[in-house]
Every structure is written in C-alpha cells, then in structure tokens.
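With the hints as your guide, set chains B, C, D and E onto chain A.
Residue numbers (numbering that gives the first Met the number 0), protein chains in the order written: chain A, 0 to 356; chain B, 0 to 356; chain C, 0 to 356; chain D, 0 to 356; chain E, 0 to 356.
Keep in mind that the hints were calculated from the coordinates and are not lab data.
A few of these clues could be false.
Copies of the same chain look alike in the list, so a pair counts if it works inside one copy or between any two.
[As the list claims (entries may be wrong)] Heads up, simulated EDC-like pairs for lysine to aspartate or glutamate below, C-alpha to C-alpha not over 20 Å straight-line:
#  : residue 1 : residue 2
1  : K205      : E192
2  : K5        : D269
3  : K150      : E41
4  : K5        : D178
5  : K98       : D178
6  : K5        : E185
7  : K150      : D178
8  : K98       : D255
9  : K205      : D81
10 : K351      : D166
11 : K351      : E200
12 : K205      : D103
13 : K131      : E325
14 : K98       : E229
15 : K351      : E142
16 : K131      : D178
17 : K98       : E36
18 : K5        : D166
19 : K150      : D162
20 : K351      : E288
21 : K5        : E121
22 : K351      : E197
23 : K351      : E216
24 : K5        : D255
25 : K5        : E192
26 : K5        : E262
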Amino acid sequence: MAYFSKHYHSPGTAPGTLVTIQKPVAPVSIQLIDYTESSVEEHRLVSARDCQPFLARETKTWIQVNGHTDPDTLRNFGQMFDLHDLALEDIINSGQRPKIELYDDQAFIIAVLPVYDGQNLELVQVSLFVGKNYLICFCPLAEDPFEPVRKRMRQPNNRRFADRGIDYLLYALMDFVIDAGFPVLEQFGGQLESLEEELLERPSQKTLSSLHELKRELLTLRRVLWPQRELITTLMRGEDELILAGTLVYFRDCYDHSIQIIELLESFRDMATSMLDIYLSSISQRTNETMRVLTIIATIFIPLTFLVGVYGMNFDNPGSPWSMPELRWYYGYPMVWGIMIMTVLGLVWFFKRRHWI
Amino acid sequence: MAYFSKHYHSPGTAPGTLVTIQKPVAPVSIQLIDYTESSVEEHRLVSARDCQPFLARETKTWIQVNGHTDPDTLRNFGQMFDLHDLALEDIINSGQRPKIELYDDQAFIIAVLPVYDGQNLELVQVSLFVGKNYLICFCPLAEDPFEPVRKRMRQPNNRRFADRGIDYLLYALMDFVIDAGFPVLEQFGGQLESLEEELLERPSQKTLSSLHELKRELLTLRRVLWPQRELITTLMRGEDELILAGTLVYFRDCYDHSIQIIELLESFRDMATSMLDIYLSSISQRTNETMRVLTIIATIFIPLTFLVGVYGMNFDNPGSPWSMPELRWYYGYPMVWGIMIMTVLGLVWFFKRRHWI
Amino acid sequence: MAYFSKHYHSPGTAPGTLVTIQKPVAPVSIQLIDYTESSVEEHRLVSARDCQPFLARETKTWIQVNGHTDPDTLRNFGQMFDLHDLALEDIINSGQRPKIELYDDQAFIIAVLPVYDGQNLELVQVSLFVGKNYLICFCPLAEDPFEPVRKRMRQPNNRRFADRGIDYLLYALMDFVIDAGFPVLEQFGGQLESLEEELLERPSQKTLSSLHELKRELLTLRRVLWPQRELITTLMRGEDELILAGTLVYFRDCYDHSIQIIELLESFRDMATSMLDIYLSSISQRTNETMRVLTIIATIFIPLTFLVGVYGMNFDNPGSPWSMPELRWYYGYPMVWGIMIMTVLGLVWFFKRRHWI
Amino acid sequence: MAYFSKHYHSPGTAPGTLVTIQKPVAPVSIQLIDYTESSVEEHRLVSARDCQPFLARETKTWIQVNGHTDPDTLRNFGQMFDLHDLALEDIINSGQRPKIELYDDQAFIIAVLPVYDGQNLELVQVSLFVGKNYLICFCPLAEDPFEPVRKRMRQPNNRRFADRGIDYLLYALMDFVIDAGFPVLEQFGGQLESLEEELLERPSQKTLSSLHELKRELLTLRRVLWPQRELITTLMRGEDELILAGTLVYFRDCYDHSIQIIELLESFRDMATSMLDIYLSSISQRTNETMRVLTIIATIFIPLTFLVGVYGMNFDNPGSPWSMPELRWYYGYPMVWGIMIMTVLGLVWFFKRRHWI
Amino acid sequence: MAYFSKHYHSPGTAPGTLVTIQKPVAPVSIQLIDYTESSVEEHRLVSARDCQPFLARETKTWIQVNGHTDPDTLRNFGQMFDLHDLALEDIINSGQRPKIELYDDQAFIIAVLPVYDGQNLELVQVSLFVGKNYLICFCPLAEDPFEPVRKRMRQPNNRRFADRGIDYLLYALMDFVIDAGFPVLEQFGGQLESLEEELLERPSQKTLSSLHELKRELLTLRRVLWPQRELITTLMRGEDELILAGTLVYFRDCYDHSIQIIELLESFRDMATSMLDIYLSSISQRTNETMRVLTIIATIFIPLTFLVGVYGMNFDNPGSPWSMPELRWYYGYPMVWGIMIMTVLGLVWFFKRRHWI
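Next up, chain A with everything else stripped away, as it sits in the complex (with noise of 0.2 Å):
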C-alpha cells in the first residue's frame, strides 16, 4: 500500500470535470429493482436510459451500478436524475472520505466498504443518490456486494422493504457497509495475536515490520471509519427529512456497531503500540543476557591467560635468583592450577552474589 494514493486534478482544473484517472478494472453492470408494497421485480439494464421508464412510476427503484463507471455513463445518469456535478466528479475520483452532501430534492452519500483479503486492505468507494423514491448505488467492484441485502428483498415474506421507504433500503445498504468492518478486524485481531505470540518467543525485524505494516493499515482503516461515524450521526440528526420516525431506531442500531468498530480499532492500535514496547524491551533484554555471558566467559578466562602467560615467559638468566625461580619449584605447576581454580572459584561466587548466574 501507497503512502500516497489519492487521486487528484491538477490545482486549478474546473470544478465538475469528469476524467478518469484510475484504471477501469471491471466493465460497467447496472442492475434495477423495482418494488413496491406488492411485488418486486428485477432487471438487468444496459445503459442509463433504460432507468427512465421507472422514474415515472409511483414505485421504489433501486438502481446498482457497478464496476467502472465511465464518463459517459455517469453524465447520462446526471442528466436523467438531475445530479450535481461536483458529485459525479466525486464517484470517479474515488478515495473520497465518507460524506453526506445534502441538495434540493436530493441526498449523496459517500460511504466507505473496507474489503481485506488478509493481505491488502482495500478502501471501496460505495456512493449513493438517495431521492423522493429512487436510490442509486454507485460501486467500481465488478461483483455486486449487496447480493445478501437484495436476497432479503426477495424473500416474499419479509414485508420490512415493502412496507417502509426507500430509507429503508438506505439503512440496509448502510448497515451493510458499517458491518463490513467486522470480519476485516476479526482479521487485523487473529493477526495482531499470532504477531504477538511471535514477538514473545522468538521476536525478529520481521516481525516488527509486520506489526508496523498492520498498524499502517489500522491507520488507514481509521481514517475512514470516524467520518462514517459522523455521517450516520448527521444521517440520524434528521435535518433533512430524509429518515423517517420508524427507520430511526433501525439507524441508532447501525450507528451503535460503528462505534464498536472504532472502538475495536482504538484497542487495536493501542495493543499494537504496546507491543513494540514488549519487543523493544526484549531486544534490549536480549542484549543484556548475552553480554552477561560474555563477560562471565571473559571475566573467568582472562585473568587465567594472563597467568599462564606469566609462566610462558622465557626469562633465563641461570645466574640469577630472580629469573622465574617458579618454574624450578617442585610443586610450582600444581600451584599455578591451585590460583587457577581459587580465582574461578571466587569470581563464581561474585557472579553469584550478583545474581548472574
């Protein structure tokens, strides 16, 4: 992952200007759901236009558009559903923080899908339209994400669509996406505990980058989750009267699981700092054990060599007293042993007494 992977104009380029600046990935699928308090009915569009004779209809419309949307496209849909320029420029430089820009007639939302596969964490744009009775769901992943939600739609005893507004559907593709951010710190979690247990047995610079790599991520994760927080808030606030009585209770719960998610994310982070605590430590204590050693090896040894240095000097002056009378002694090498051991002796006990060993 990029420390920098935003997308931008140039400083300067007029406001609205619609230009595609990633890689398209997958080609653009629209998909129409049509439901009203009776009967839901399914289609699968192939241009913008196609929407049109929905629009007209006194029925809930439920439009998905997803993979990359071009141009084009988005112009067409901003032409039949009166959209704002800024916001259409808004879907295609993606990388947005999660919003809520309210206009006449009309609400857009930016919501934030984290999507990891245990190694890449990806941020995926989700942007909404939401209107009197249409909701436009704008998505660049190839496979649609909603399917569980449009499963639920279709279940024909399940009145909560039918009998409620489009806000409903809004709180259940919400819903979706807050949720999203459960299993993906399950992950970071199961991550975190097995980095941890490395850290305590057998800690190596690896190690440290992973959990520098995972913070980098809770990091990243983070900067979109606190302004998705906000934005249910703003959502619940009510100001618009896009949330009706009814649905409230359903958005609180929904507001409820993005706190949790925060808070999973705080402890996380919190962990993940306390754990490079533990590993600077251990380095640290691993520098002082094995310097302990040395110096318990070079403390016992080189006094030793300096003496049976002394006795390899080669002074031989038969004339004199002085010249290593030692050598000639009968018991001089037991004796040379006997300082040996009592050195060793005695520095073991030093050792001991300051519990080096």
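For chains B, C, D and E alone, coordinates are given in the frame of chain A:
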C-alpha cells in the same frame, strides 16, 4: 483473552435475527418478584408465559432471567412485553457496549458487570427493560448476581423499595453493576503493586508480559466503563420520565462512583506505563553495569597479557645484542612484575577517577 | 502509599449504610462558634445534641467536628440538621472526590485538604454542610486545621465575617483548603530540584524510583485538584443562591489560586517525565563511554598480543629455511617492537579521526 | 529552513506601519480582468491608479498584484479601495497565518499557497480583498500562480464565472490554493516511502536526519493547513453575506479537500513517528546481533586460548613429577586437541539451545 | 530558574493582606501623562496623592508606576481610585497568571511581559487598572518598558491616541506586551538551531542538559501565553463596555499575534522533543559503531591468537610421533601463516556480506 471477542452476524443479515452464536453456558432460569407497598411475593417461573398474570396487576414486578436465554424464550418475552426486535438481538449477541435505548413506553438498557477471578476478566452483559411498573433483567450468568439486592427487598422494615417506583429498583441494580468495579480494581491494584515490587527487585521478561496483560485488561475494562458513565448521565438528564425526582439523588451517588472507578482505572493505566519505563531503564542500567565489569577486567588484564606475551617470544640469536637482552638481565623478571603492578595501579586510579569502582 | 486505597462497601449494600471501615484515628471533638454582627461566642461541645440551642437563634453558627466521627454521632447530626443519608455515608467512607451536592435548603460539599510531611502525602477529606445560617464541617484530623481562620474571626476589628453571610465563612474554609496546596507543591518542587541535580551528577536506580514515587504522588494529588477546581466553578455559577454577589469576587480569587496550583502540578509532571528521559539518555551515554574505553584498549592490544604470540611459536626445524627465520635475525626483536609501535600509532590516529580519544 | 522565520516589527511600533522587512524578490506587476455576463477584458497595468476607471463600472473586476509590492503601491491601493492599515501591514509582513477579517463592505482574506520543489517548502502568502464587485489579490511570487484559473475564464463556453458573482472567483482562487497541497503531499509521501525503504534496508544517521527534516516540514505545513480549514468554515458559515447560496456547494467541496489534505498530513506525521521507532529498534537489533557474533567468537576461543596457554608454560623441573607431565605424555598433544574440540562442540550446543546460531 | 518560584501567603491569611514577600529591586517611580484631543502633558510624580488634581479633569490620564511598589503607596492608590483589596494583593504577590477582573466601573488586568537576556527568562507582571478616563499601570521593572508607546504619543501628528478613548492606550500597552514575545522566541529559535547543529555533529551530555533547560523555559513561557490569549479574547468579547467598536479591529490584530506566538512556541516544543529522539538514537548509533569496530578486531585476532598459541605449546616427547609433528615440518611455519591469512580473508568476506565494513 482473545484480541477479538466480539460476536456479530455476517454483514447483510436482516436486523433483529435471533440466532445464538455463543455456546450456551447455563440453562435459563426465571425468577419473579412482585411487590406492592405492603407485600413482597417471590416466584420461580418455568416459562415466559407464566409472567402474564402479573402484568395485569397494579403491582411492581421484577423479572430476572438468568443463564443462557434461547431464541424461543426471547421471542416469547418479546411478544408478551412488546420488546423491539433489535433489543432482543442485542441480548443474544452479547459483547455490546453499555447504552440506553428509549422506546415509546419502555427503556432498554445494556450495562456491563465486570467479574474478575484473579486470572480472567469477564464482562457480563446485563440487559434491562424498564416499563411503567415492571423491570425485566437478562443476565447470562448461571447464578443470580443480584441476590444482595433481593435480600434487601425482603427485609420487612426496608421501606425504600416499597415507597418508591420501579426506578429505585433500576437504581439498585445499576448501583450494583457499577460498584462491582471496585473489587475488580482492588485486585488489579494489588497485582500492580506486586508487579512493581518484582520490577524493582528481580525484573524478568515474564514480569513484563504480566504487566502487558494487565494493561490489556485495564483497556478492556475501560472500554465499558466510559459508556457506562455516559449511560448514567443520560438516565439522570431525565429526557424520558424514567427517573423520578426523589431517586435522582441516588443516581447522582451512582454517577460519583462511576467517576471514581474511571479515575482509579486511568491512574492504574498511568502507573502501568510508568512501570514499563522503569523496567526499560533498569535493563539499561544492568547492561551498563555488566559492561563496566567486563571493561574493568579486560582493560586491566589485556595489557598485562600482552606484556607477558612479549617475553614469551623465542627470539634467539645468541650473536645479536638486540635479541631480547631483557630475558637475560639479573632483575628482568621482577622488573616485568613491577611494570605490571604499576600498570594495574594506574588503571585502578583511572577507573576510580571515573567513578567506575 | 498503596495503589488502591479507596474504601467502599461491598456491592449491593443499601445506600446510606453507616459502618466505619477505616480504623478510628482520633476521638471526636466538637467546636462551635456562634457569631453575629457584634459578638463572637466560642463553645467546646461534647455531643451533637448540644448544638440544638444555637439552631433556634438568628445568629450564624459554625460547627467544627474534628477527629473520627462515629456512626452514632453522625446519625445524631443527621437527625438534628436533616442531613441526607448518602451525604453521611460519604463522610464515613472517606476518600471521596471533591463534589457539591445541592439539597432543598442545604448544600453538601466535599473538599480535600492535602497534607504532606515530606514523606507521605495525605489527602484529608473535609465535608461541609452549609445551610441558611449554619455551617457544619467534618474533618478526620485530630487537630483542627482551620485554627488560622478562627483566629481571624476573633480579631475584634475584623468586620468581614461579621458583615457578611455564612458564605464568607465557606469562602474562608475553601480558600484555606485550596491554598494548602501551595506549601505541598513547594516541597514537591524542592524534591524535583534535588532529584534533577542527583540525576545529572550521580544517577542511580534509587533516584529513578524516587522520581517514580514523586510522579505517583503528583498523580494522586492531581486526581483531587481537578474536581476541586470544578467544585469552585459550580459554587461561582451560583445556580443555588448559596454565594452572594459580594462574596463572589473572593471565590474568583480562590478559583485563580486553584488554577495556579493545577498549572504548577502539570508542569511538575512534565518536568518529571522530562527528567526520566535525561536519566535514560545518561545511562546510554555512560554505556557508550564504557564501551569506547573497552574498544580502544582491546583494539590496541589484541593485535599486539597476536604478534607476540606469533614469535612465541616453537617451530623448530633446523633444516628448514622457512622455520621462523625471523627469530634468528640480527634485528628481529627491535623489528617486532617497531611493527608494534607503528600499529599503536596507526590505531591512535584512527581513533583520533573518529573523535574517540 | 530556519526555526524562526517570522518577520515582525520591533515591539511598540505603531500599528499599520508599512516598512518592507523582507528583501524584494521580484518587481511588482499588476494584471486586471474585467468581466461581465457577456465579455472578458484583460489589461496589464502599470500602477494602482490605472484601476480607477474600472471601479466606476458595474462589471466584476479581478486585480492580481504579483511580485514584491512596495509600500507606496500598497498605500495607493489602500487609498483607492479604502483598505485598512492593519490589512496592508499584514500584506507586507508576510508569514501571517490564514485568516479572514471582515470590514464594513469588504472582506480581507489571507491564504497560504504551499510550493515545494523537492528540497525546500515555501509557504507563499496570498492576500485577498473581496468587495461588492471586485477582488484584489496580492501574491509575492514573480510568476502568476493563478494562470490556470484565468485560462478557464477565457474559455468562451465557460458560463460559470459569467453567470455567478465575484464569490465564484473567490472560490476558484481558494480552491487552487487548497488543492496545491495535494502535489506537495504527494512528494512528501514519495519521500516517506523511499525513507522507509532505506530504514529497513540500510539505515544510517543520514536517513534519520532526513526523516527529522521531513517531520519539521510537515509540522510547518500543518501550522497553516489547520487555520486554512477554519477560514473556509468561516466563509461557509456566511455571517457576512459574502458567499451566495449557489456557490456554497463549491465551498463545501473545497472544505472536503482541505480536510482530506489535513488527514493525509496527520497520517504522514504518524508514519514518520512510527518510522523513528523502527529505526531505533533496528539499531538496537543490530547492536544485539553484533554483540552475539562477538560473544560467540570470544566465548569459543577464549577458553581454547587459555588451554593452549597452559601448555605454553615453561615449568621445567626435571626432578619433579608434577612439573607438567602432560607435555611428555605419548598422546598429550592429541588429547589437548580432543579437549578443545569437545569444548567447541559443547559451546556450539549451548548456543544452539539459546537460539544464538 | 527554580522549579517553584511562586510567592504565596501562608494558607489562612486574610484576603487582601498587603505584605511584600519579594525583595525590593528598584525604588518606586511614578510617571503621569495627561492628554486630550489637542494636548499631551507629562509629569514625573513623587507620590500617589499628586494624581488627585488630574482625576477631577475631563482628560485621559495614564499613570505608570515603575519599580518596587511598597504596601503604603499601593494603599494610597487603592483609596484614591477605589481599587479592590484582592487586586492590590495580586500586584504585590507577583507571579500571577494573566487574567482580567471586572469591577463596577473599572477593569483590573494582569498581563505578563517576557524578558530574556539570552540566559534567564524573566516573566514581568504588568498590572493595569482601566477606568472611564484613566489607566494605571504597575510594572516592577526599574526602567519603564513602555517608552516606545510614550514616544508615539508625543508625536504631534499622531492623532490615534488623541482621537480615541482610553481603550486605544490599553491596546497599545497590551500589543507591546504580546509582541515582546517575538524577540524572545527569536532567541529561543536561534538556540534551538545551534543545539541541533551540536547534536548532529558533536553531541554531549551538556547539549542535552541545555536542551532540557530550554524546554523548561518554553514550558514556563507557555504557562503565561495561553491565559494571555484568553485574556484578549475576553477583552474582545466586550461583555464589559471597555473596548469600543473602532478599537476592536486593533485588538483582533493583537489576538492574531498572540496566536502566532503560541504556535511558534508549540512548534519549538515539538522540535525540542524531536531533537531528544535524535540525540538518543545518535548515542545508540555510536554505541553500535563502537561495538562493530570491537567485534571486527576481536573476531579477526582472537582465532589467530589461539592458533599461534597452539604452536607455542611445549609438547615435547621426542619418542611420540603425535607430539606436535607440525613444528618439525619443512613448511610448517608458512603453512600456519597460510591458515591465518585464509582465516582473515574468510572473516573479511563474512563482515562484507553483513555490511559491517
């Protein structure tokens, strides 16, 4: 304790889905206390339906549901007392953060009871529904933790429960849950103290990992204490007319306790961080001391070893006056000892001056 | 000082239970001052009941209860002055945080008087009830700390107490409690200064643990100073009509002092943290220096020792011209010394270039 | 970049004193664009007085003053447009923080344009006066940075500037200034990435000082970005009727960008701090490894050297059976080798067990 | 600078007690400027009583009291201008934090003038009383710091003081006090820069303690700058009608300066902290390098020394073919050299591969 211990439905699950995720620990057991100004009746019920007769009466009723509440029992309670689906889901998905949810004529409160056995910190979710004249409390523990409250209720001369509304019962339970933090923190405090002693006297990597674990438990506890404090603030603000004026002073007392607990916890966290610094510095200090011993020994003996090495050389050209004449001097050997003793004395003086010995 | 020194009833105890937890330190002693615009009367009372006659009179009455107040005495005061059960419980369970509790015609204030003898910081809980024309103050110290206030009262030309209401007396006591922080912080400041000097000159593990203890005491003191500041803010806000306009300016002065004390404390904490960094870096610095001495000595002598070792070998094949011919050279021995001196000079030059010597 | 680069008059100087403190960089050059709904006129002016004719007309006028504005020019502008003395002083004393100052029928805005050439971060102060139908912009750069905006204006089919008020021009300039942060941060991000790679592969003190400098530049940039964000909030709050409702949505977009830039910057700062930790730990790690190599080599060879030293002693009393009899044993020499090989194997086993090799 | 330099009365002293605690530095000297729209009169007064005639006149009067104000002089001023006892006490107990106190027809302001001589930072308390048409300023410095303001007043064509109320004089003094922070910070910035250079080139424990002292002085300065900023905010809020609308824009300028100073100070503190990290890491780095030199030298020569030690042994059993036959080989000695050279080459290759040399 695992880093990620949150239970959640997979994203996209319909809200209000009641599926047990946790393994059941203990069978469900329902206790009911029905009390008026003059009498206290106790019943041990087998099913949710048995509560029906008490609902009709003008008495105050406390229903305590202990152990593992299966989805069917929950649904029964839900139908009888008109409980919200999302609230029921929160009861089954334990690990929620403390919160209060206000419905039309009912409040739903989640509080967290900390239980610590000296080894593992368990955060038991206590879920309460408070209505006009009833209170239902769900607690997953096998044994009823609120027995002391029940005992006070049974005392014939205790007019407090009798004279006040159901809000006083709510206070009694909340007070119990909050005060349960004191013995937990007392144990943490004791552990901190013994860890500190260990750190100052015989620090080891094990002490550090205990400290790390303690910090993690403090962090976990903190994650529920702060929203619990907020929860009480919300109750005291009295937007819902749940708490009567006369009981307010008791909730203020309860609020004071919750702040005291948080302050204790925060200072414990400060202390734990401070102790880590001490640990690190004590390792550095010991490395420094080990280093010094090695340096003193090595610095004294290495030059001496060199010197005796010199006179261990075998230069042997009898015709040359430069071929190690010292070896044949009369006082050669004592002279070498003299040089060595002077070297040692010089080095000892040098180390003394540097305050190394 | 123990990490956990809070006194609490076991969870589930009825609120307002009066049971002494702490060991009694000194017997109770009650002093009463009854003063009007023209006279000051002093009485030493034996029991709570003796206060009754003064209650009826239109004079201002200050009742000071020093020492260990047993539950019976408290209950008597409670009945006579209509004190709330929870307030009485807070008096007996000392270790409360500063707070103000407003009852119908009475305010209950808990303040904390810091007492420091150079070794132990004691936080003495002072509990005050302020009514229309009386003030009752409970203080567990054997000796009355407020003697200086009483002295000012007795001065015949001091019209301040006489001319103003009971709120001026409250100010005088609160001011005393707050200002008591200055000498305590002065002592802490002195200790910090001597610790800093120690750290810069002869740092030891003992200095560090003193610093750690000082930080802990600062933390403990901080825990009461912040709510004490809030307490005065609450008093000044004057929601209750406790403080009259004329006395407000005095409370503002008192508030200023409380902020000054907090700021001093916070900068002391900053200093203590900063000193820890100095300690750590000074250890690293000394390790580095020790290391350097060792490296210089070892790097100079180890090659020399090798060299003399070479010529200490006993290769001795008289028939081989390769069998250590140097040993038999005319200038062999001076040549070795020459090589050694040049090696030393080279190494000295190398160390000089690296600024090691 | 110097730590203190702020220009200020000596304390006590009269407010509004216009004295150039900075060295002039480029001569002043004045450009004027006068535009209505149907036409765009461009003029290159020589002096402030030449603007007069345009003031009288009902057109929208943008006056761009580039390069070093001398006090006389400023005074002339001041008199013609009734600019406040303090505002003029702020233009000359560059290094101001972004702010907005509202006068009766004029707003004075200071924004900061970050310019980064890969080596030095320059913060260029852009000062704007916005009146009913004119905008004056002072920029000390020699070359006009706002050329891209002027280009958009000249496009014949671009109705945005024509249809909207002077507030849209203000938006276009502010948007340019804010968006200029993106390329700067992109460069910082690239530097961070290459520094990280360096740190993980071949860390050196130089890498660290580059990191330190980068942090300082991030800090410098941060000091202007936060007040710039506030500045836009103030504009959007619309207390002054400067921004019309239709342009508000554009300012909201601009606000979003300013938050994105701040968030990027804050995460870069986090990353830089985190990288310092990695650097420190990698040094410790390498010290530890160096230590280990030394300890292994020393611990293996020091005892061996002692042993061979023993048999290098010259004890030589032919009459004593204790005088190093091993030297005369038949298998003496292989025995020593045997002992030495066993010692090595034992030590290797010891190091393996400790995971040192 | 002492850690605790606050002057305070012993707890329990009556409020408003005027006793000099500090040692008098300079005798009191009173200057008076009386000015109207058309004239400026200057007087050098001997006592407080001499101000009386000016009080009666409808002119604006500035009384500047420099040097050590003794209690009697203060009491005289107090009686003549009806100053509050607590305010007088604050003047004598210097070391107060900046604040504003509003009395009925008077404001009492304490500001702090930082004075730095490159060695000691002195915080001079300036106390001002502002009434309807007079301003009294007490400053303990011997020399009047406000001479530049007085100079501007005397300029005959300077209509600012003449045309505006006493609030403009207050602004002039406050602006002087605030702007005095710039030269102080400039000096601190210079010191930081030279400390940084020292740290990167020749770090020593002395550099560190200078850095520590600088941090302490920044902390001390910070303690007065924050409340000073608040003080100006309070003045600008204009609850008291002290500041007229026309002067407000000047106070806003003053406020901007106070924020700039605080931001500079905060970034200096950040820098100082960052430099400590650099220092610590540079020590670690140097320890690491020292270590590496030692390890390389030791690792190369210790095995060689062992080898030459082997052939220094005296095994000498002529009858045994195992008794060091190498010593008698024809190419024995060159072979040993060969082994040694190969060992060195091998180790050099090993160190190269590890990037140690």
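These are the hints, each one checked on the structure:
Both within a single protomer and between protomers do K205 and E192 lie at most 20 Å apart by alpha-carbon distance, with minima of 16 Å and 18 Å respectively. When the C-alpha separation of K5 and D269 is checked against a cutoff of 20 Å, the pair qualifies only between copies, where the shortest distance is 17 Å, while the shortest distance within a copy is 27 Å. For a Cα distance limit of 20 Å, the shortest separation of K150 from E41 inside one copy, 12 Å, qualifies, whereas the shortest one across copies, 47 Å, does not. For the homomeric pair K5 and D178, the shortest alpha-carbon distance between copies (12 Å) is at most 20 Å, but the shortest distance inside one copy (25 Å) is not.
For the identical chains of this complex, K98 and D178 are neighbours both inside a copy (18 Å) and across copies (19 Å), given an alpha-carbon limit of 20 Å. For the identical chains of this complex, K5 and E185 are inter-copy neighbours only, at 8 Å across copies versus 26 Å inside a copy, given an alpha-carbon limit of 20 Å. When the C-alpha separation of K150 and D178 is checked against a cutoff of 20 Å, the pair qualifies only within one copy, where the shortest distance is 17 Å, while the shortest distance between copies is 43 Å. Taking the closest pair of Cα atoms, K98 and D255 come within 20 Å of each other both inside a single copy (18 Å) and across two copies (9 Å).
Proximity of K205 to D81 under the C-alpha cut-off of 20 Å is found in neither arrangement, the shortest distances being 53 Å within a copy and 56 Å between copies. Taking the shortest Cα distances, K351 and D166 never come within 20 Å of each other, neither inside one copy (75 Å) nor across copies (66 Å). For the identical chains of this complex, K351 and E200 are inter-copy neighbours only, at 15 Å across copies versus 27 Å inside a copy, given an alpha-carbon limit of 20 Å. Proximity of K205 and D103 under a CA criterion of 20 Å is satisfied in neither setting, with 54 Å inside one chain copy and 56 Å between copies.
Within a single copy, K131 and E325 get their C-alpha atoms no closer than 110 Å, and across copies no closer than 102 Å, so neither meets the 20 Å cut-off. Taking the closest pair of Cα atoms, K98 and E229 come within 20 Å of each other both inside a single copy (8 Å) and across two copies (18 Å). For the homomeric pair K351 and E142, neither the shortest alpha-carbon distance inside one copy (68 Å) nor that between copies (52 Å) is at most 20 Å. For the homomeric pair K131 and D178, neither the shortest alpha-carbon distance inside one copy (26 Å) nor that between copies (34 Å) is at most 20 Å.
Taking CA atoms no more than 20 Å apart as the test, K98 paired with E36 passes in neither setting, with 31 Å inside one copy and 34 Å between copies. Proximity of K5 to D166 under the C-alpha cut-off of 20 Å is found in neither arrangement, the shortest distances being 31 Å within a copy and 28 Å between copies. In the homo-oligomer, the alpha carbons of K150 and D162 lie at most 20 Å apart inside one protomer (17 Å), although the nearest pairing across protomers, at 48 Å, exceeds that limit. When the C-alpha separation of K351 and E288 is checked against a cutoff of 20 Å, the pair qualifies both within a copy, at 15 Å, and between copies, at 15 Å.
When the C-alpha separation of K5 and E121 is checked against a cutoff of 20 Å, the pair qualifies only within one copy, where the shortest distance is 13 Å, while the shortest distance between copies is 22 Å. Taking CA atoms no more than 20 Å apart as the test, K351 paired with E197 passes between copies only; the shortest distance there is 19 Å, against 32 Å inside one copy. Proximity of K351 to E216 under the C-alpha cut-off of 20 Å is found in neither arrangement, the shortest distances being 48 Å within a copy and 36 Å between copies. For the homomeric pair K5 and D255, the shortest alpha-carbon distance between copies (13 Å) is at most 20 Å, but the shortest distance inside one copy (29 Å) is not.
Taking the shortest alpha-carbon separations for K5 and E192, only the inter-copy value of 15 Å comes in at or below 20 Å, while the best intra-copy value is 31 Å. Proximity of K5 and E262 under a CA criterion of 20 Å is satisfied inter-copy only: 11 Å between copies versus 26 Å inside one chain copy.
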